[in-house]
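**Q** If you want the building blocks of each chain, they are given just below.
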Amino acid sequence: MRAVVLLLLLVLELAVFASVSGADVSTVSGIVGYLELKFLDLIPGLAPVLVLSVGMTLVLVTAGIDLSVGSMLALVAAVMSCCEGGTSFWFTAVPLGLLVGVGLGMFNGALVSRLDIPPIVATLGTMIFYRGLCQVVMRDAERAPFFDVPGYEWLGGFSGSLILLGLVAGAGGWFWSRSRWRRELLLVGGNRVAARYAGVPVDRRLVETYAVMGGLAWLAAVCFTARNGAVNASTATGLELKVIVAVVLGGTRVEGGRGSLLGSVLGAFLVAVLDDGLREAKGWSDEHLPFEVSHLRYLLLGLLLVSGVWLNTRVGRRDAD
Amino acid sequence: MILSRMTSPVRRRLFWLVAGNATLLVVIFACLLPGDTFAGAVSRLGTVLVDTPRNMAPEMLAAIGLTAIIWTGAIDLSIGSVVAVGGAVFAMGYSHEISPVMCFAGCLLAAGGLVASNGLLVRWLKIPALIITLAGLAAYRGVALVLVNLGVPGFDGNLTVPEEIYRVPGRDWAGWILVAAVGTAVVSELFFRTPRLWLAHGSSSSACRLHGLDLSRLSVTAFLFGGLYVGLGAMLYVSNQQTIDPARMALGFELSVIAAVVLGGTNIFGGEGSFLGTVLGVLFLYLARQTLVYALDDVHARQAFEGALILGVIGFDCVLHRVEHRMEELK
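Protein chains in written order, with the numbering used here: chain L, 10 to 330; chain B, 6 to 336.
For the record, the hints were derived by calculation from the structure and aren't laboratory data. Check each hint, because a few of them may be wrong.
[Unchecked claim] Which stretches of chain L does chain B cover? Using the computed rule of at least three CB atoms under 8 Å from a CB of chain B, they are: (1) 38 to 52; (2) 132 to 142; (3) 297 to 309; (4) 315 to 322.
[Said to hold, decoys possible] Pulled from the structure, derived: some chain B residues nowhere near chain L, Cβ distances all over 12 Å: (5) 21; (6) 23; (7) 34; (8) 52; (9) 105; (10) 114; (11) 172; (12) 193; (13) 252; (14) 322.
Computed from a prediction, not measured in an experiment: that's the story for all the values here. Where a beta carbon is used, it is the ideal one built from N, C-alpha and C, also for glycine.
Model the full assembly from the supplied sequences, consistent with the hints where possible.
**A** Right, here's the structure in full:
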């Protein structure tokens with residue numbers, strides 16, 4: 010049901026932004042042309058948010074939260090940018106980035122599970138810490154070795170991004186629907202004490218979840234750098250909010266114990282279309298609005314988040330009844 | 006009297022913070038000493054201390070307001086954006102040549118009103134405060150930008166306020182406002198019932214409900230109190246700036262305020278903490294930043310050190326808490 014509602018919202022968003030941007034959507038071929046152009050541009054830009062949304066779904070399911078995803082992405086990309094371009098990049102920077110991403114995620118997991126620091130506090134601290142490390146690595150510079158790497162730019166194009174996203178969403182979905190790990194995560198998020206009694210290694214599962222989040226931050230960094238080609242110390246600032254909005258819109262409860270990967274994927278599409286649509290609507294807004302339409306992005310993100318959670322709460326109450 | 010009303014983890018945190026602040030002062034002094042005489046270093050340390058109240062007043066006031074909100078088990082992540090809205094209202098008033106007093110009042114009311122409205126939204130929508138205020142973090146920034154676009158003629162990204170009269174509260178009165186506000190908060194914690202009810206609410210909602218307390222009303226009172234302090238903090242923040250830039254104003258403000266509150270011993274899930282701890286937490290973070298300014302030439306490393314310091318202090322306390330908890334279980 011939620012998937013249908015999200016799809017309808019997506020169609021509505023596309024329709025509104027199509028009319029605002031002045032695209033010719035009066036004929037079927039016009040609509041197809043508009044959608045083709047839209048998705049050619051949208052998919053590569055969406056990739057980092059979508060990849061992170063998959064990881065954030067897992068984290069939220071365990072009743073956690075990871076506010077450091079933007080900083081992790083930036084730090085991984087910064088570390089990767091320190092390596093030289095060329096073919097060797099694939100054997101040095103890419104594995105190093107994965108190692109750093111998983112390590113950062115495990116550090117978050119250790120803070121949450123071993124030291125009992127509340128996830129929001131722990132990841133708030135690491136958000137500042139990782140961003141600081143990113144500044145140490147990058148200084149005031151912007152590095153761009155990525156387009157010198159053979160085949161790397163392809164990952165940031167439409168087909169490369171689509172394949173990566175398909176792999177992440179497909180493998181994640183398959184794993185999510187069939188694995189015992191998923192049930193254990195739901196139990197950890199739903200009732201941690203019951204999970205311990207049921208023999209679930211709660212601390213280990215939490216570290217694993219945050220490590221997966223770190224690994225996905227690496228993948229998001231690859232998608233981001235393959236598209237943008239450069240990285241600096243303020244890369245991906247504020248990305249965490251978009252990711253959380255996407256996941257919550259998709260039906261994942263912030264209190265843990267329930268989540269949907271499909272919902273998160275659709276939520277990420279909604280957020281990306283909104284972002285992109287507001288950018289496209291600039292010409293229209295200059296004529297019709299007394300303020301810049303891009304400022305509405307923040308307002309709409311906030312409204313989407315509240316309405317998504319409100320919907321989740323109502324569904325939760327109805328299920329409980 | 007203050008200490009006797011605190012739980013042992015909060016008392017322990019106060020001890021660590023007092024020791025930490027004293028150590029940081031010694032470190033700052035040690036950093037000032039090379040290349041200067043002893044008397045010169047003392048004089049420069051004095052200058053640092055004199056500027057302290059003015060510089061940390063906005064953060065400390067917001068932190069006290071947030072402490073009350075966190076005590077009830079809620080949180081407000083939107084205070085940075087709320088300050089930006091306050092700045093936008095101030096800019097609108099200034100650009101229409103409204104008197105400084107009205108500009109300050111508008112800024113205070115706008116910021117305070119938004120925090121209070123967060124409380125009302127939590128009550129009406131029955132959605133966790135974390136979500137409402139996370140949404141507010143984005144939405145209020147948008148509101149601030151739309152407001153300056155609509156209300157400030159010819160706005161091109163920022164607005165400069167050259168007249169000194171518009172900066173009096175943030176520069177000349179900040180220390181006195183801070184002393185009065187901190188004093189009021191500590192006295193209310195000691196002698197009034199409501200702050201203790203906020204703590205009780207955060208500690209056990211079900212027990213409070215059985216006791217017949219109206220929890221949602223209690224939460225709203227905490228947000229009202231928080232709104233008053235955040236509003237004051239916003240007024241001092243805005244009037245201390247020469248330029249108003251709602252897109253970048255107070256970015257990350259909420260992070261340092263939350264870090265200071267948690268450093269001060271307030272349990273992020275509510276039910277534990279003290280205003281005094283928050284005051285010491287803000288002071289600790291401020292002195293730590295000053296220490297980094299004097300001790301580290303590398304500007305880029307400062308944020309990393311600050312993050313590591315916050316994590317280190319909170320992690321250390323959590324380990325102590327965990328060990329204490331296990332020892333009690335063993336007994």
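**Q** With a cut-off of 8 Å between beta carbons, are at least three residues of the stretch 315 to 322 of chain L near chain B?
**A** As far as the stretch 315 to 322 of chain L goes, the hint holds, because 4 residues have Cβ atoms under 8 Å from chain B.
**Q** Should the label of residue 114 of chain B as a non-interface residue stand, given a Cβ cut-off of 12 Å to chain L?
**A** Given that every Cβ of chain L is farther than 12 Å from that of residue 114 of chain B, nearest at about 21 Å, it holds.
**Q** Should the label of residue 34 of chain B as a non-interface residue stand, given a Cβ cut-off of 12 Å to chain L?
**A** At about 25 Å from chain L, residue 34 of chain B clears the 12 Å cut-off, so the statement holds.
**Q** So is the stretch 132 to 142 of chain L in contact with chain B by the C-beta rule, three or more residues under 8 Å, or is the coverage claim wrong?
**A** holds (count 10)
**Q** Three residues or more, CB to CB closer than 8 Å: is that satisfied between the stretch 38 to 52 of chain L and chain B?
**A** violated (count 0)
**Q** Three residues minimum, CB to CB under 8 Å: does the stretch 297 to 309 of chain L make the cut for coverage by chain B? Let me know.
**A** Result for this restraint: holds, n = 9.
**Q** Verify this label for me: residue 252 of chain B is non-interface relative to chain L, using a Cβ-Cβ cutoff of 12 Å.
**A** violated (9 Å)
**Q** Does residue 172 of chain B really sit off the interface, with its C-beta more than 12 Å from all C-beta atoms of chain L?
**A** Since the minimum Cβ distance to chain L is about 27 Å, residue 172 of chain B lies beyond 12 Å and the statement holds.
**Q** Verify that the Cβ of residue 21 of chain B lies farther than 12 Å from every Cβ atom of chain L, and report whether the claim holds or is violated.
**A** holds (16 Å)
**Q** Verify this label for me: residue 23 of chain B is non-interface relative to chain L, using a Cβ-Cβ cutoff of 12 Å.
**A** holds (22 Å)
**Q** Once the closest CB in chain L is found, is it more than 12 Å from residue 193 of chain B?
**A** Fine: 26 Å to the nearest Cβ keeps residue 193 of chain B off the interface.
**Q** Since residue 52 of chain B was said not to touch the interface, does its Cβ keep a gap of more than 12 Å from each Cβ of chain L?
**A** holds (27 Å)
Hint violations for this structure: numbers 1, 13 and 14, all remaining hints satisfied.
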